[in-house]
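Participant: Residues per chain, in single letters:
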Amino acid sequence: MSRLLPFFGFVLLVVLFGFGIWWNTQHDPQAIPSPLLNKPAPAFVLPKLYEPTVNVSKSDLLGKPYLLNVFASWCIECGVEHPVLQAEAPTLGVLLVGYDYKDAPDDAKRWLAEHGNPYGVLIADQPGQTAIDFGVYGAPESFLIDSQGVIRYKHIGPMTEDVVATELKPAIAALQKETP
Amino acid sequence: MRAALPVLLAMLLLFGGFAHAQAIEPMPFASHAQEVRFQHLTAQLRCPMCQNETLADSNAPIARDLRNQIFQLMQHGQSDEQIKQYLVERYSDYVLYDPPLKAGTVLLWFGPLLILLGGAGVVLMAIRKRSRGSLAADTPSDSAPTDNGDDW
Numbered sequence: 001m002s003r004l005l006p007f008f009g010f011v012l013l014v015v016l017f018g019f020g021i022w023w024n025t026q027h028d029p030q031a032i033p034s035p036l037l038n039k040p041a042p043a044f045v046l047p048k049l050y051e052p053t054v055n056v057s058k059s060d061l062l063g064k065p066y067l068l069n070v071f072a073s074w075c076i077e078c079g080v081e082h083p084v085l086q087a088e089a090p091t092l093g094v095l096l097v098g099y100d101y102k103d104a105p106d107d108a109k110r111w112l113a114e115h116g117n118p119y120g121v122l123i124a125d126q127p128g129q130t131a132i133d134f135g136v137y138g139a140p141e142s143f144l145i146d147s148q149g150v151i152r153y154k155h156i157g158p159m160t161e162d163v164v165a166t167e168l169k170p171a172i173a174a175l176q177k178e179t180p
Numbered sequence: 181m182r183a184a185l186p187v188l189l190a191m192l193l194l195f196g197g198f199a200h201a202q203a204i205e206p207m208p209f210a211s212h213a214q215e216v217r218f219q220h221l222t223a224q225l226r227c228p229m230c231q232n233e234t235l236a237d238s239n240a241p242i243a244r245d246l247r248n249q250i251f252q253l254m255q256h257g258q259s260d261e262q263i264k265q266y267l268v269e270r271y272s273d274y275v276l277y278d279p280p281l282k283a284g285t286v287l288l289w290f291g292p293l294l295i296l297l298g299g300a301g302v303v304l305m306a307i308r309k310r311s312r313g314s315l316a317a318d319t320p321s322d323s324a325p326t327d328n329g330d331d332w
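Chains as they are written, first to last, in our numbering: chain A, 1 to 180; chain B, 181 to 332.
Warning: the hint list may mix true and false statements.
Straight-line Cα separation of at most 30 Å, DSS-like style, residue types lysine-lysine; simulated pairs [as the list claims (entries may be wrong)]: (1) B:K264 to A:K39; (2) A:K102 to A:K39; (3) B:K282 to A:K39.
Derived Cβ-Cβ restraints for the label pairs, each shown as a range [as the list claims (entries may be wrong)]: (4) A:S57 to B:Q262: 24 to 32 Å; (5) B:A300 to A:G20: 21 to 29 Å; (6) B:L287 to A:P170: 27 to 35 Å.
Calculated from the structure, these hints are not laboratory results.
Every residue, glycine too, gets a C-beta built ideally from N, C-alpha and C.
Could you put together the complete structure from these sequences and hints?
Facilitator: In structure tokens:
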């Protein structure tokens, strides 16, 4: 028995190593769980991208759930995510709000003209001040905010078809069940 | 090659200086004490984007924004604790290099102790077994000594 002990030790280490690899394929080690989850979204007042004189505030968007998508023209992964948003936006059942993060307005407009604009409402945060309140540390990030203005779901990194199907759509369905 | 070296060195010096200036831009501190406090505080906080760098060292845009934010909060008279709380509310405990002791971090704090205790247990068991084995060998017996498996 004790002759086999080192072997069992070795097997244990192999299992631990394999688990570590598997865990990292399933989880983004960079993703920080947001402490804002299930808390009211921070109050914000931001100008519209195409009408900089018109402001959109948190209270303007209350009443119906929406998906706040943080993107930027300089963000490479946003280009990866964009076709998914383009394809899925009409079938999501919630308003898609674009949050242009730390971007020159002209760059953002050019980028949207090139890649398409799936957003129902488009706001711009050029200084990036409000984004700190949202705990944004990179783009793309997406927040599902319910009709009361509470953050119910957050995804860090590009939205993929897989994430939309397994996480976002169930989260939206759960919201719609709550408020008939 | 030899002629290129001074040019290379000069460029390194020039652009190295630029990179440094970009990373830590001068801020209008009210006093030297405040600057020291700022450097001390940002060195204890972790950049959320590049998680192996402190806010003080990181060149990431978000780190620059957060440094500016911390500077502003300091100007408004917030204490180090209040500023840490401000960041934790938005970016969770990940921003702290020194995580607080709570339910979610118990394993982080006491995991190494558990492993140490486990190892001590194994060693203790091995020693006991060995001393029992040698005790058995000391007592005279009729049968020939048998292999007890402790040959490693």
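Participant: A separate judgement is required for each hint: does it hold in the structure or not?
Facilitator: Hints, verified against the model:
1. Between B:K264 and A:K39 the alpha-carbon distance is near 19 Å, which keeps this suggested pair within the 30 Å criterion.
2. Distance hint between A:K102 and A:K39 is fulfilled; the C-alpha atoms sit about 24 Å from each other, no more than 30 Å.
3. A distance of roughly 20 Å separates the Cα atoms of B:K282 and A:K39; the hinted pair therefore holds under the 30 Å criterion.
4. A beta carbon spacing of about 26 Å between A:S57 and B:Q262 agrees with the range 24 to 32 Å that was offered as a hint.
5. The beta-carbon spacing between B:A300 and A:G20, approximately 25 Å, falls within the hinted interval of 21 to 29 Å.
6. Distance hint check for B:L287 and A:P170: the Cβ-Cβ separation is about 30 Å, which falls inside the suggested range of 27 to 35 Å.
Consistency with the previously given hints is maintained throughout, with no hint failing.
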